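Q: All chains should be built: construct the whole structure from the sequences, respecting the hints.
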Amino acid sequence: MESINARFKLDWPGFTLDVDLALPGRGVTALFGHSGSGKTTLLRCLAGLERPSHGRLEFKGQIWQDEKTWLPTHQRPIGYVFQEASLFAHLNVLGNLNFGLKRSATAQRVGLEQAIELLGIGHLLEREPDTLSGGERQRVGIARALAVGPEILLMDEPLAALDLKRKQEILPYLERLHDELAIPVIYVSHSPDEVARLADHIVAMDGGRVVADGPLVETLARLDLPIRLGEDVGVVLDATVGEIDAEWHLARVDFAGGSLWTRDRGLPTGKHVRVRVLARDVSLAVHHPEPSSIQNVLEGTVESMGADDHPGLLLVRVQVGASQLVARLTRRSAAQLGIAPGLPISVQIKSVALME
Amino acid sequence: MLTDSDLQAIWLTTRLAGITTVILLLVGTPIAWLLARSRSWWKGPLGAVVALPLVLPPSVLGFYLLLAMGPQGPVGQLTASLGLGVLPFTFWGLVVASSFYSLPFMVQPLQNAFEGIGERPLEVAATLRASPLDTFFSVVLPLAKPGFITAGVLTFAHTVGEFGVVLMIGGNIPGVTRVASVQIYDHVEAMEYADAHRLAAVMLIFSFTVLLAMYLRRPKPVKGE
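Protein sequence lines, in the order shown, are assigned to chains A and B.
Here this note's numbering is used: position 176 in the first sequence is 176, and no number is missing along the way.
Here this note's numbering is used: position 137 in the second sequence is 1137, and no number is missing along the way.
Honestly, the hints are just simulated from the structure, not real lab data.
Honestly, I wouldn't trust all of these hints.
[What the hints assert, rightly or not] Among chain B residues calculated to face chain A with C-beta under 7 Å, some are: (1) ARG1037; (2) SER1040; (3) GLN1072; (4) GLU1123; (5) VAL1124; (6) ALA1126; (7) LEU1128; (8) ARG1129; (9) ALA1130; (10) PRO1142; (11) LEU1143.
Remember, it's a predicted structure, so these values are computed and weren't measured experimentally.
All residues carry an ideal CB built from backbone N, CA and C; glycine is no exception.
A: Structure representation (structure tokens):
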């Protein structure tokens, strides 16, 4: 169900945005790209904070912008989270949360309570913004955007201004948003890790244009993704916790095509998780390998091969059951192994990252 | 201590400065907002016009205002046709002249305060459903409060201290246009140095106190967050 149709043309000195997109009306869509790729500008166009000279924007059947129509930002049913929390300095936390609530026809008090609960800021309500930590400020900023009862949440790199520790503090809340929000979220990020954790759908941008667009799992498994991910090339698998091995502190996660063992992080069996497997952590063997320190060995078939950033390297996509994994090899080892589409192959996975 | 005519002059001065400050708050705020927000070509010329009283001799400003408000001037003909008479040598003539004379002292601190707020809080307010007018009253005014205090105090104090424009427009009519600075001039002209001293000391103490209060409470700069 595509429910956001956006077409924008915008010409600035030294920068052009030219996109024509259909975005899903549910789940988290990541606008992904390097800085200067136009992802924030696109988000601002969706919010009406930029007014492109040519554009058409339709949200769930409503026209927000076309040749005749221009819905100003304050009349769009959006929630917007800025890179810096940008809390109003003259209001305390509750005042900030109430600001939009008071002015929104669709907001309900229960929405505010949910937002406070979801972001865990109940103990901060009477505080002044300048007494909060960066992470707390951003949580308030997100809750403030949710409190207006938006029909879509737009987030502009909400973690970019935070250090690693604060990021780790907020990510679990964002994962909860992903699980609990019924409204679509557009999430701007330049971090492959955040995208792999949070997104269902990805729009990759470069130079003001969309260069790839599709569901996350399939898009990340593409070998011809036109943006350079470097060390972050890899796939994401949807999986379920299948078994906990208490003796060795390991958990087995099952995905369509096999199982992987990973460190037990205390998740209950049956829990849906995401597993991220980076191409650099995957190696291939033509014969089933001798016992080694690598625990995870899967059987698959070479599906296709593609160029990597470095001329000495090669990306190989392997079909494992219904899933696909990507391995990074040197061209020499690929030649020596005789890697070619259709070749049965053993896939060894050194490590996987488990994401809730 | 102070004579009755001194007290009358001080009261007149206070009234003039108070009314001028109120008028300039109403007139100067939109001008400062335009100057802070606009990217239009006329922003430069408008800013220069607003700043003119800073560098013009008060007599020049007073001269043009006298011509404009006099019976032959466009403003004078307008006020006459409205049945208000002509403004020179009246209290309200002084108010009009003071408003021009003190305009930059209102507009420039406000413009700085508005520029210091930046674009972001306005965008945040828009994403939280506030219309531009609503945003001005619920976000800009509270954030610019230190700027309003500075602008108001400076405008008031500067109007109290004006002399040249008063003399050109108002002359020296007791109880109508004879403000404290003119009264001191009269005392000196009449060789009443003791009287001049007393009134001058009042002015000096007033001005120092106002400025001291402002420097002591030196408002925190408005931060982006």
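Q: Next step is simple, just say for each hint if it's right about the structure.
A: Consistency of the hints with the structure:
| no. | hint | in the structure |
| --- | --- | --- |
| 1 | ARG1037 | violated, 15 Å |
| 2 | SER1040 | violated, 16 Å |
| 3 | GLN1072 | violated, 48 Å |
| 4 | GLU1123 | holds, 6 Å |
| 5 | VAL1124 | holds, 5 Å |
| 6 | ALA1126 | holds, 4 Å |
| 7 | LEU1128 | holds, 3 Å |
| 8 | ARG1129 | holds, 4 Å |
| 9 | ALA1130 | holds, 6 Å |
| 10 | PRO1142 | holds, 4 Å |
| 11 | LEU1143 | holds, 6 Å |
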